[in-house]
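Chains A and B supply the protein sequences, listed in that same order. Position 382, counted from 1, in the first sequence is what our numbering calls 411; the numbers after and before it change by one each time, with no gaps. Position 65, counted from 1, in the second sequence is what our numbering calls 75; the numbers after and before it change by one each time, with no gaps.
Treat the hints as calculated values from the structure; they're not laboratory data. In this text, all values refer to a predicted model and were calculated from it rather than measured experimentally. For each residue, glycine too, the CB sits at the ideal point set by N, CA and C. Keep in mind that a hint or two might mislead.
[Said to hold, decoys possible] Okay, the calculated bits of chain B under chain A, using three or more residues with CB under 8 Å as the criterion:
| hint | segment |
| --- | --- |
| 1 | 138-144 |
| 2 | 182-194 |
| 3 | 213-223 |
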Amino acid sequence: MSETSTSSSAGTSGATSGATSGASIELENLTKRYPGSPQPAVDNVNMEIKAGELVIFVGPSGCGKSTTLKMINRLIEPTGGRIRINGEDVTDMDPVKLRRKVGYAIQSAGLFPHMTVAQNIALVPKMVGWSKSRIKSRVEELLDLVGLDPGEFHGRYPRQLSGGQQQRVGVARALAADPPVLLMDEPFGAVDPITRDHLQDELIRLQHELHKTIVFVTHDFDEAIKLGDRIAVLRERSHIAQFDTPEAILTNPADDFVSGFVGAGAALKRLNLTRVRDVEITDYPTVTVDDPLQEIFNKLRASGTNEILLLDKRGRPYKWLRRGDMMRAKGSLARAGTLVHDTVTRDATLRDALEAVLTDNAGRVAVTGRRGEYDGVVDMETLMNSVHELLDADRLEAMEHQHELQETRATQTHAEQEGDGGETRA
Amino acid sequence: MNFWEYLGNRHQQLLTDAYQHASAVFQCMVVATLIGVLIGVVTYRSDWAGNLATTATSTILTIPSLAMIGLLIPIVGLGVPPTVIALTLYGLLPIVRNAIVGLRGVDPSLVDAATGIGMSRVMRLVRVELPLAWPPILTGIRVSTQMLMGIAAIAAYASGPGLGNVIFRGLASLGSKNAINQVLAGTLGIIILALLFDAAYVLIGRLTIPRGIRV
Numbered sequence: 030m031s032e033t034s035t036s037s038s039a040g041t042s043g044a045t046s047g048a049t050s051g052a053s054i055e056l057e058n059l060t061k062r063y064p065g066s067p068q069p070a071v072d073n074v075n076m077e078i079k080a081g082e083l084v085i086f087v088g089p090s091g092c093g094k095s096t097t098l099k100m101i102n103r104l105i106e107p108t109g110g111r112i113r114i115n116g117e118d119v120t121d122m123d124p125v126k127l128r129r130k131v132g133y134a135i136q137s138a139g140l141f142p143h144m145t146v147a148q149n150i151a152l153v154p155k156m157v158g159w160s161k162s163r164i165k166s167r168v169e170e171l172l173d174l175v176g177l178d179p180g181e182f183h184g185r186y187p188r189q190l191s192g193g194q195q196q197r198v199g200v201a202r203a204l205a206a207d208p209p210v211l212l213m214d215e216p217f218g219a220v221d222p223i224t225r226d227h228l229q230d231e232l233i234r235l236q237h238e239l240h241k242t243i244v245f246v247t248h249d250f251d252e253a254i255k256l257g258d259r260i261a262v263l264r265e266r267s268h269i270a271q272f273d274t275p276e277a278i279l280t281n282p283a284d285d286f287v288s289g290f291v292g293a294g295a296a297l298k299r300l301n302l303t304r305v306r307d308v309e310i311t312d313y314p315t316v317t318v319d320d321p322l323q324e325i326f327n328k329l330r331a332s333g334t335n336e337i338l339l340l341d342k343r344g345r346p347y348k349w350l351r352r353g354d355m356m357r358a359k360g361s362l363a364r365a366g367t368l369v370h371d372t373v374t375r376d377a378t379l380r381d382a383l384e385a386v387l388t389d390n391a392g393r394v395a396v397t398g399r400r401g402e403y404d405g406v407v408d409m410e411t412l413m414n415s416v417h418e419l420l421d422a423d424r425l426e427a428m429e430h431q432h433e434l435q436e437t438r439a440t441q442t443h444a445e446q447e448g449d450g451g452e453t454r455a
Numbered sequence: 011m012n013f014w015e016y017l018g019n020r021h022q023q024l025l026t027d028a029y030q031h032a033s034a035v036f037q038c039m040v041v042a043t044l045i046g047v048l049i050g051v052v053t054y055r056s057d058w059a060g061n062l063a064t065t066a067t068s069t070i071l072t073i074p075s076l077a078m079i080g081l082l083i084p085i086v087g088l089g090v091p092p093t094v095i096a097l098t099l100y101g102l103l104p105i106v107r108n109a110i111v112g113l114r115g116v117d118p119s120l121v122d123a124a125t126g127i128g129m130s131r132v133m134r135l136v137r138v139e140l141p142l143a144w145p146p147i148l149t150g151i152r153v154s155t156q157m158l159m160g161i162a163a164i165a166a167y168a169s170g171p172g173l174g175n176v177i178f179r180g181l182a183s184l185g186s187k188n189a190i191n192q193v194l195a196g197t198l199g200i201i202i203l204a205l206l207f208d209a210a211y212v213l214i215g216r217l218t219i220p221r222g223i224r225v
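Same shape as in the complex, but just chain B:
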């Protein structure tokens, strides 16, 4: 069976896996974005807190993903929970770092002006600081997503959802006639998903970055 025949035969299964893969990454990205921006907002004003947040999240990133998922299994069991936790944690770093950099990069005279014309702290954050920091934050989200696409494949190790399952099946049966096809299909599927997500981010950027600060 060549690769195309394999795709023809298994496309139902592959599409389901791809959908689950995308959906897992997407949901984890939403959670990671919310938590990441929140951490950024809470910490950017203070030097040490900001650095602590960046260091902590980058430390998480250095843990090998297989080990992280392996360590999570005894705590939260198999399946979706370890996948979601691991992906969310890995997704944090680029978002936290870019949120802090973006918020700190807002021109102090604009912050001064915002306060000076009578904005409260929350209002200043929502109306001025976050919109101005949004382009770098979005870049962080993009980087994060690309990374999670690959890491999500490891989730199959903990019986998680996604294209990782196809890859792992292939790897487990190396030598059989479909092994290479499976690995190839899973990998290509992840790459295509990553490209689709990236295209979506370009569109989101177009729609959400105000015209006045679009480069």
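Only chain A is shown next, with the shape it has when bound in the complex:
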């Protein structure tokens, strides 16, 4: 009975397709002042986060990024300013009610060790009064969503999980009651680099499915670039040094602080932002192992590249064949050519592709589809050309953007000079 009354407000249960997607967040002059310290810890933050956006707060430790995040669900009560979620002012609402509508995931997951995985995930749905059967199916669904087998993990205790698994459960718990907004406070800070990489990929996939509004705090700029739709680079007292897309920050950092934070190798980092599917893939002459030898010879002779790619029975790249290889192997396909070591998928980043191309002795790598079937080839030249094009495009965009910013700033300054002029430039 309570089911019907809550389901309308808390979003529909069942398939994720019916899940609540993001809500916009507005921070207006948000300030936190601790008694006894002359400087505010967070000073006048103004920010608009669009619905369904993944925004990263990145900055050196102690810059107030975590404090700013925790003010959004009022774990830390702001001393000044307003917070609006989906246009609704939540600054004065009951914080307990607010937090049940805002997912919260923290470093090292923060799972309660005395509860099983299922009990941990069920906490928030229980608090908002879902029915037992609905909670049960929701727990299964969430475990599935974060890539854990419900049957296996459901009854486990947190200490029986690896760090990465705990973190997945932490995310599942945050998503449990289907909140439109998800706050993540350095969630992947305590896991090893390989697991972190996996978790980041998972988060990207999740966000693709769910379209929540996510605010994510990290001090790792590479993580910020990989995950963020937009990145807010924060400096001391949570002043926003730059709030823009990863591309714009990489190619056109607003000032020395930001470029210092971006660090060396911006062009290399830019490679992380583009996927192989976005660049031109060259077609390559191919043969399959089932083709008659004569045909393979003919293709080899006809190809301008001196080389063809041999595919196995399922169309997956198998061997690189050069013109002389067949002669030397006396016509035996089994012995001829060099095995394909590495392939990349269309979803791989250009950085992965570059890595593969650099380690390949002939400077090219085969691109494969979802089931490993041959799709095309990427080589050094294609990569270089695409990177140049990307960087040029970024620069152009950034310049336009810069121009716009200057204009808005000019009007702002004008307004300030006319008015009270108390607010400092962000």
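Following the hints, complete the assembly by docking chain B onto the known chain A.
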């Protein structure tokens, strides 16, 4: 009459005394646990309040038990009341101290997480903090019980119930043929009770400490 004959003759009386002894300790432990955990919950968040509670309860413990019961007699009379009051007060310290230590020892990030997912203060306390602090609290209860077992014997001084009566009778008639038997029976009875209680606590621990945090 040797010791075994004595036990055979008096077992009815001894069992009654033992039962009363156990029952007095048990009831006082329940009260002390409730009050002790409550004091812990109220004070653990503040440094000075927590320290005050620990110091106050340990001061109580330094009062000699005979003196404490003696002082209580003019106020509440003889028999059960001074026994219960004295035992409860003595039982407080280990529980209060362990409750404060246990509650303060809960990982702050878990408290943060509990608040962050929308638990109210009471809920956080009941669902997260107390369950996590339960193992040290239970240890406190165990220590407390052992202590009260011995102290309860003194209650006979105020005509309280329990095995203390047997011991005191023996001590009063030293030299008579049953004196040593009485003292021995009372003392051994207390030791056996203490061991039985301890075994019960192990069982309670097994049943009440969640599997996820059992060591």
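- Message: Need the list of violated hint numbers for this structure, in ascending order.
- Response: 2
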